[in-house]
Amino acid sequence: MFKWKTDEFSWVDFTIDVLRVLIVLGVVVGAWNTLSSGRITLAQWVNLFAAGLSQGSIYALIALGYTLVYGILLMINFAHGEVFMAGAFSTVFLAEAFNRTGFLNDQPLLAIPLMIMFAGLVSMTVAILLERVAYRPLRGSPRLVPLITAIGASFFLQYTFRGLYGSGFKAYPQVKILQGAISLGGINIPIVQIFVFFSALALMLCLYWLVERTRIGKAMRAVSENKEVARLMGIDIDFVIMFTFGVGGFLAGSAGVINGVFRPQGVNFFMGFIPGIKAFTAAVLGGIGNIPGAMLGGLFLGVIEAIGPNLVLAGLGIPGANQLKDVIAFTMLVLVLIFRPQGILGERLSEKKA
Amino acid sequence: MDVLRSRTSRDVLSLGLLSGAFILFTGAVGMVAAFHEREVVDRFISLGQLMLLTAPFVTAYFAAGRLREQGESAPRMLVAGVAVGLLTALPSVILLLFNSDEYRFLLFMTLRLAPLVAASVIAWGRLRAGAEMQTAIGIWLLVAVLVGIVTYSFALIFEVKGDLRSVFVNIDRDWVEVVTFDNRKDLMRGIGALGLVSIVSGLGGSILYLLPTVPRRALIYGLGVTALIGAFGETARLILQENVDRDTLREIFRRDTLRQNAALALFVISTAAGFFWALFGSQARERFSNLDYGPRRAVNTVGFVLFVLLMLMLPWLIGRTLSDVAVTIGIFVLMGLGLNIAIGLAGLLDLGYVTNYAVGAYILAVLTSIGPLGLFKGTFTFWTVIPIALLAAMFAGFIFAVPVLRMRGDYLAIATLGFGEIIGKLAISDWLKPLIGGAQGVQAIPKPIFLGTELKNPEQLYYIVLAASLVTLFVSIRLNNSRTGRQWMAIREDEDVATAMGIDTARAKLLAFTLSAATGGVAGAIFAAKVGTVFPNSFTVFISINVLSLIIVGGIASNPGIVVGAIVLIGMPELLREFSEFRFLLYGALLILMMIKRPQGLIPSKIVTHEAQSGVKPALAAAE
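Chains as they are written, first to last, in the working numbering: chain A, 1 to 354; chain B, 1 to 624.
Chain A on its own, in the form it takes in the complex:
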């Protein structure tokens, strides 16, 4: 929003506007260069897009946890990435056990949902404990206090799991029926990406049903609207908050397994940090506190992250553009926070809230 009719010249606005113009120029020039050079075919673009969508659906699942908690407590649960890690890391052992007994490849349609349940429940326990031990005593304190606590909790959880399960990298076993690709009009899309996207979508629909159609969902909405009035209506606020953390944790844990099926490598105690920040970005992108927003933001971020480096950075002649994937995501975070803190779908929050 350019402010053409400002009373005074504000050089902060001016700098931000210059920044905006520079970014738009950079994106346009980069994209133009890439597209006109024709280095990447249409099929490759579609593949990138599909991969981005599946990665994005994982971000969306984690982002829902941020959004749910923010909607109710107006706090950023910085440790949510670690809740994701807790489920993903713990379930590696179950996946290995399933693989060794042959159950994983004999009955994948039973084994994977069981793994998702297990991861979800582990993460849920972690999230509920986190709320009970670290956040509940701080309700109502100044806003930076819970944030610092959350940062502490994040490192505490990382190093707890490092101590419990060791510091080495682990990997999920391969699931045979998810190997290979489906050919759609000459474009090969890996089955695993389709699986990831649809299972995440199913979980998100479950959440939507829970929030919109059940009694407890109604209570959650009431608490996020106004805690005091909700309490007067006879809603047990502590339980609703605990339940919210639990649901967010469950989604994060299940995202851990889906992520493990999608990218089997790289399971260790630090695996939650980067996805955590990215999912937060997704939540902010969609408008934090807004459930459909988080889903949309996750998908959007996944796609941008897949396409951005190849489209813009490579077009600007930057070598090793794919290394800078994370830079794109974090730049998106900063840009959204600067230019549209209310996100794509979010309503404008009052200054105090934002």
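Think of the hints as simulated: they come from the structure by calculation, not from any bench. A virtual CB, placed ideally from N, CA and C, is assigned to each residue, including glycine. Each hint should be verified, as a subset may be incorrect.
[What the hints assert, rightly or not] Cut-off 27 Å, straight-line C-alpha distance, at most; resulting in silico cross-link-like pairs (DSS-like, lysine-lysine):
# : chain 1 : residue 1 : chain 2 : residue 2
1 : B       : K161      : A       : K170
2 : A       : K325      : B       : K433
3 : A       : K176      : B       : K161
4 : A       : K170      : B       : K425
5 : B       : K425      : A       : K325
6 : B       : K185      : B       : K161
7 : B       : K377      : B       : K456
[As the list claims (entries may be wrong)] Interface residues of chain A toward chain B, partial, derived using beta-carbon atoms under 8 Å:
#  : residue
8  : R100
9  : T101
10 : L114
With the hints as your guide, set chain B onto chain A.
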């Protein structure tokens, strides 16, 4: 049953189980076994064993305090001490049984029965609370299935993998060895030993509480000092080495651990000192505060001069190894003071402080390096580059601050965290590799040269850090008392009100970010000169978290607090190498604990204390 329902027994039960959980947790993450490597007193007790002892001891002491508040009698406090001891040992004993070959069936039995028990307990609770039978059955089924998924999965994992250790890597032989007090072969004896030690220390804790004030304080002091010096035996030895001849040293230490006689002597001396302090300390303090302004000021001045002399002599007193640690601590003090300008004074939670540190380090590296990446191959010296690094960091701070000026609170924190990550990724990328070397970093950075001597030892570098810290300290104290400092304070308290009072918040915030960045740049430059190479891996989010933690733990906006915070949080893991693996576990726990129990920090600043005591506590709704 009634005994269990009383408030007293519930307190004892929860405290005891808390201490048991602590022992179990530290064991499961490997702390107990790692600390066992370090002996506190030669052939007598290790740090790991000391932890096992201290938990019931301290808990029983506090439990006795609780009981006294409730007006319980002394014998009951002793019983409570024993109970705390038993409860502390209980979780570890159960885990020992689960872990042993003969009793592993107990583990599987527990895992298989747990869902039924949990479901029944919860459903029964709902029934008694007046729920319908149908609902209770529903709840029973739900809980049984959910808990069952988890426990049966664990049962399957353990069955396939064979033992606990294949999942929980630290439940290993070493752990068993420590918690059974070297009775790994005979499990029952080991369990007995653990139980006995726990009970005895629990009892000891409650007896200590029952002692009259003076001997109690003296004992606490004596035990504390002995344990501390024993644990930091290596450090104590390094300090003594500089000042005491070899034979005496050999009398006191066997390698790095205190000999038994020396420990006993230390205990006696420190207890005696504690005794005298408990008797006469309060009198002395009273007499001091009754002094007139003139003499009191004189005493303070003498104290200050002595402190400055100590700081100046420090490298000679502590030797090379510890000077190296002192330099590291100093670099973090520098960063702490810098970040405190943003966080403590202006209330801007900056989680990307590593950015400035990296800018300073890379600027120094690129400008002075004599390696292939050096731009000037040694024409620039450390001293000319320090101001350049400072300006560059200020510039970077300025650039990163402009876009975030409009953000507040947690959004600001996340955005700055994003900046930190961006810088880290850029430093390691191929894009900037021709300039700053990518993952290999920049090498061959010469040491600073001062009046013709190369400052290559930590003893010499110490003075650079000291000087820089003193300058920063001076600047930050002066700033805090200046008009700008007042503006920052106003912004910290309420930005809207500050704007309404006519404060140019954008300017004040920019100033805070820029000045805080300057110090980070200098710290980075000194770090680069100290290490001689600059790698992107040195500039991760962990640096920012380190600095944040030391500020929070020491006391936000409190300069002495930052120094203490840096000594504790940076120095301790460096001195106690077993500890460094658990440093972030400790930081995390400390951040949570401090925020819940003592948000003003260990050594709070006067203003923050005043605010905390004025009782302005916003209601639940205030956050909205």
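Hints numbered earlier in the text: which of these fail when held up against the supplied structure? none
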